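Enquirer: Residues per chain are reported as follows:
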Amino acid sequence: MIFALQSLPYLWQGLLITLEVSALVVVFSLIAGTILGVAIVYGPRWLYWPIRIYSDVLRGIPLLVLIFFMYYGLPLFKINLTNLASVVLALSAFKTAHIIEVVRGAIQSIPVGQTEAGKTIGLRFGQRLLYVIAPQAVRRFLPPWINAVVDTVKGSALISLVGIVDLMLAIQQVIGRTYIPMPLYVLGALMYFVINYSLSLASRRLEARFAYIRE
Amino acid sequence: MAENSKTSPVVRIRDLRKSFGTNLVLDGIDLDVQKGEVVVVIGPSGSGKTTLLRCINLLETYDEGSIQVDGLEVGFRDGTGGGRQRRSDRELARIRADIGMVFQLFNLFPHLTARENVVLGLRKVRRLPLAEARRIAEHWLVRVGLGDKLDSLPSQLSGGQQQRVGIARAVAMDPKVLLLDEITSALDPELVGEVLTVVQELARDGMTMIVVTHEMAFARDVGSRIVFMDGGRIQIHGTPREVLSQTRHDRLKAFLARIELKLH
Ligand SMILES: Nc1ncnc2c1ncn2[C@@H]1O[C@H](COP(=O)(O)OP(=O)(O)OP(=O)(O)O)[C@@H](O)[C@H]1O
Ligand SMILES: [Mg+2]
Numbered sequence: 001m002i003f004a005l006q007s008l009p010y011l012w013q014g015l016l017i018t019l020e021v022s023a024l025v026v027v028f029s030l031i032a033g034t035i036l037g038v039a040i041v042y043g044p045r046w047l048y049w050p051i052r053i054y055s056d057v058l059r060g061i062p063l064l065v066l067i068f069f070m071y072y073g074l075p076l077f078k079i080n081l082t083n084l085a086s087v088v089l090a091l092s093a094f095k096t097a098h099i100i101e102v103v104r105g106a107i108q109s110i111p112v113g114q115t116e117a118g119k120t121i122g123l124r125f126g127q128r129l130l131y132v133i134a135p136q137a138v139r140r141f142l143p144p145w146i147n148a149v150v151d152t153v154k155g156s157a158l159i160s161l162v163g164i165v166d167l168m169l170a171i172q173q174v175i176g177r178t179y180i181p182m183p184l185y186v187l188g189a190l191m192y193f194v195i196n197y198s199l200s201l202a203s204r205r206l207e208a209r210f211a212y213i214r215e
Numbered sequence: 001m002a003e004n005s006k007t008s009p010v011v012r013i014r015d016l017r018k019s020f021g022t023n024l025v026l027d028g029i030d031l032d033v034q035k036g037e038v039v040v041v042i043g044p045s046g047s048g049k050t051t052l053l054r055c056i057n058l059l060e061t062y063d064e065g066s067i068q069v070d071g072l073e074v075g076f077r078d079g080t081g082g083g084r085q086r087r088s089d090r091e092l093a094r095i096r097a098d099i100g101m102v103f104q105l106f107n108l109f110p111h112l113t114a115r116e117n118v119v120l121g122l123r124k125v126r127r128l129p130l131a132e133a134r135r136i137a138e139h140w141l142v143r144v145g146l147g148d149k150l151d152s153l154p155s156q157l158s159g160g161q162q163q164r165v166g167i168a169r170a171v172a173m174d175p176k177v178l179l180l181d182e183i184t185s186a187l188d189p190e191l192v193g194e195v196l197t198v199v200q201e202l203a204r205d206g207m208t209m210i211v212v213t214h215e216m217a218f219a220r221d222v223g224s225r226i227v228f229m230d231g232g233r234i235q236i237h238g239t240p241r242e243v244l245s246q247t248r249h250d251r252l253k254a255f256l257a258r259i260e261l262k263l264h
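For the protein sequence lines, the chains are A and B, in the order given. In terms of the numbering used here, the first sequence opens at residue 1 and continues consecutively. In terms of the numbering used here, the second sequence opens at residue 1 and continues consecutively.
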């Protein structure tokens with residue numbers, strides 16, 4: 001039991017890595033997914049298919065395969081990233097594919113009459129997007145996006161398989177030294193739960209904030 | 001009228017042609033609208049009325065012919081070497097800012113209050129300071145009888161009220177011409193009057209309008225001219241008295257009979 005308590009700072013380090021990786025992935029995939037999602041709806045035809053294929057292919061590959069590919073595969077192409085960078089890249093690429101779909105769905109849920117009304121008063125494309133489409137689309141965007149964020153935190157546990165000491169691997173290593181698996185797994189599960197439950201709570205707040213549109 | 005016809009028209013349409021695939025929808029439309037005129041467009045379903053209006057502010061592109069608003073070709077600019085080039089989004093936005101449109105289904109921005117719906121274009125397109133934009137928005141909302149609904153969301157308004165916000169949103173931009181496409185046909189009958197009254201007042205104040213409607217009383221009383229469309233062409237064109245007295249024109253007769261049926 002003493003060992004377990006002594007190992008708490010170690011678990012804390014793992015938790016920080018999990019949070020750091022998750023946060024980076026959430027930010028990168030939000031930016032890339034939004035840009036590509038807007039492009040797939042409004043962009044020219046020659047952009048549509050590459051994005052479509054990217055999104056479909058990546059969503060069809062198990063995340064673990066993607067992580068191994070970035071981790072072991074990229075060096076073969078003389079692309080040398082740090083361990084952490086390679087897993088962040090893998091997770092971000094994977095999440096981006098999902099976010100593209102979420103953004104596309106949210107935009108296309110807005111009736112075309114909204115775009116036309118925006119055009120009619122003389123708004124340019126960017127203005128229509130910013131002042132007409134986005135404020136309405138965000139409501140459709142939020143629930144699946146929060147799901148994707150929760151998924152990212154859980155999915156990040158896979159990076160332990162390439163030896164990055166995140167919360168998952170930290171737990172396992174402590175178990176390896178202390179031989180008290182159950183309490184530690186419960187503690188670990190609790191930590192993941194606390195993170196994700198706070199996310200869910202935050203998301204419900206957000207959704208309520210954007211619930212001003214009655215249909 | 002005699003003087004009007006000498007000045008250049010606000011809207012000038014020449015030999016306008018437009019197809020959807022193989023379906024020829026506008027088959028050579030010629031139409032001039034002078035400043036202050038209210039041109040009422042009538043015609044059976046599918047005759048191309050909506051398409052005509054949507055071409056004027058380039059919600060639809062057109063294939064051939066010309067549409068000029070205030071002397072400016074809306075669909076194209078002269079390309080290098082004389083050819084026609086489609087206009088950029090930025091150019092289109094500038095042209096559209098001067099062409100108001102009110103929709104059958106209102107198309108208000110549901111996330112914005114009545115006032116914010118009107119303010120948006122004044123701020124972002126006309127680039128007015130907030131205080132002035134709000135003042136103009138309030139002025140128009142009061143004019144359409146919604147002075148007590150400034151802060152209501154569209155979902156809190158009746159259909160007739162929403163449509164009046166739609167009108168305020170369009171006229172606040174001070175357009176050169178206002179396009180109205182069956183703006184009362186989605187309304188409960190008892191709400192039609194309040195919207196048409198607003199349009200009638202605008203007409204009296206000299207707003208140039210092209211109005212697609214099935215309200216024949218409105219066409220007769222408010223229209224400077226009536227245009228009867230069928231099969232993508234203008235079949236009859238004249239003052240309300242001239243057009244509505246052409247009772248021997250078979251297709252007009254059939255159309256008017258069908259409208260009567262729907263009304264009674
Ligand atoms: N976006 C579109 N794609 C293909 N065909 C279209 C489109 N919009 C209109 N049409 C066709 O063009 C023709 C004219 O339609 P339009 O809506 O202009 O008629 P309308 O006179 O406004 O009829 P209504 O009185 O029913 O509103 C119809 O045959 C219609 O099916
Ligand atoms: Mg129509």
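Calculated directly from the structure, the hints in this document are not laboratory data. For clarity, every value in this text was computed on a predicted model and none was experimentally measured. Hints are not guaranteed to be accurate.
From the structure, some residues in chain B lie toward chain A, with a derived Cβ separation under 10 Å [claimed, not checked]:
no.	residue
1	Arg-87
2	Arg-90
3	Leu-108
4	Leu-128
5	Leu-130
6	Gly-166
7	Ala-172
8	Met-173
9	Val-222
10	Ser-224
11	Gln-246
12	Asp-250
13	Lys-253
No residue lacks a Cβ here, since even glycine has one placed at the ideal position from N, Cα and C.
Enquirer: A separate judgement is required for each hint: does it hold in the structure or not?
Expert: Hints versus structure:
1. A distance limit of 10 Å between C-beta atoms decides the matter here; for Arg-87(B) the minimum to chain A is near 12 Å, and the interface restraint is violated.
2. Of the supplied interface hints, the one on Arg-90(B) holds, with its beta-carbon coming within about 6 Å of a beta-carbon of chain A, less than 10 Å.
3. About 7 Å separates the beta-carbon of Leu-108(B) from the nearest beta-carbon of chain A, less than 10 Å, and the hint is met.
4. Checking Leu-128(B) against chain A by beta carbon gives a least distance of about 13 Å; that is not within 10 Å, so the hint is violated.
5. Annotation: Leu-130(B) was flagged as interfacial toward chain A, and the flag is violated, the nearest CB pair being 14 Å apart, outside 10 Å.
6. The interface hint given for Gly-166(B) holds, since its Cβ lies 8 Å from the closest Cβ of chain A, which is under the 10 Å cut-off.
7. The criterion of a C-beta within 10 Å of any C-beta in chain A is met by Ala-172(B), whose closest approach is roughly 9 Å, and the hint holds.
8. The interface hint given for Met-173(B) is met, as the beta carbon of that residue sits about 6 Å from the closest beta carbon of chain A, less than 10 Å.
9. At about 22 Å, the closest approach between the beta carbon of Val-222(B) and any beta carbon in chain A exceeds 10 Å, and the interface hint on this residue is violated.
10. Below 10 Å, beta-carbon pairs count as interface contacts, and Ser-224(B) has none with chain A, the closest being about 23 Å; its hint is therefore violated.
11. Interface restraint check for Gln-246(B): the shortest CB-CB distance to chain A comes to about 34 Å, outside 10 Å, so the restraint is violated.
12. Hint status for Asp-250(B) relative to chain A: violated, with the closest Cβ pair at about 35 Å, above 10 Å.
13. With its C-beta approaching chain A no nearer than about 34 Å, Lys-253(B) sits outside the 10 Å limit, and its interface hint is violated.
In terms of the numbered hints stated before, the structure departs from hints 1, 4, 5, 9, 10, 11, 12, 13, listed from lowest to highest.
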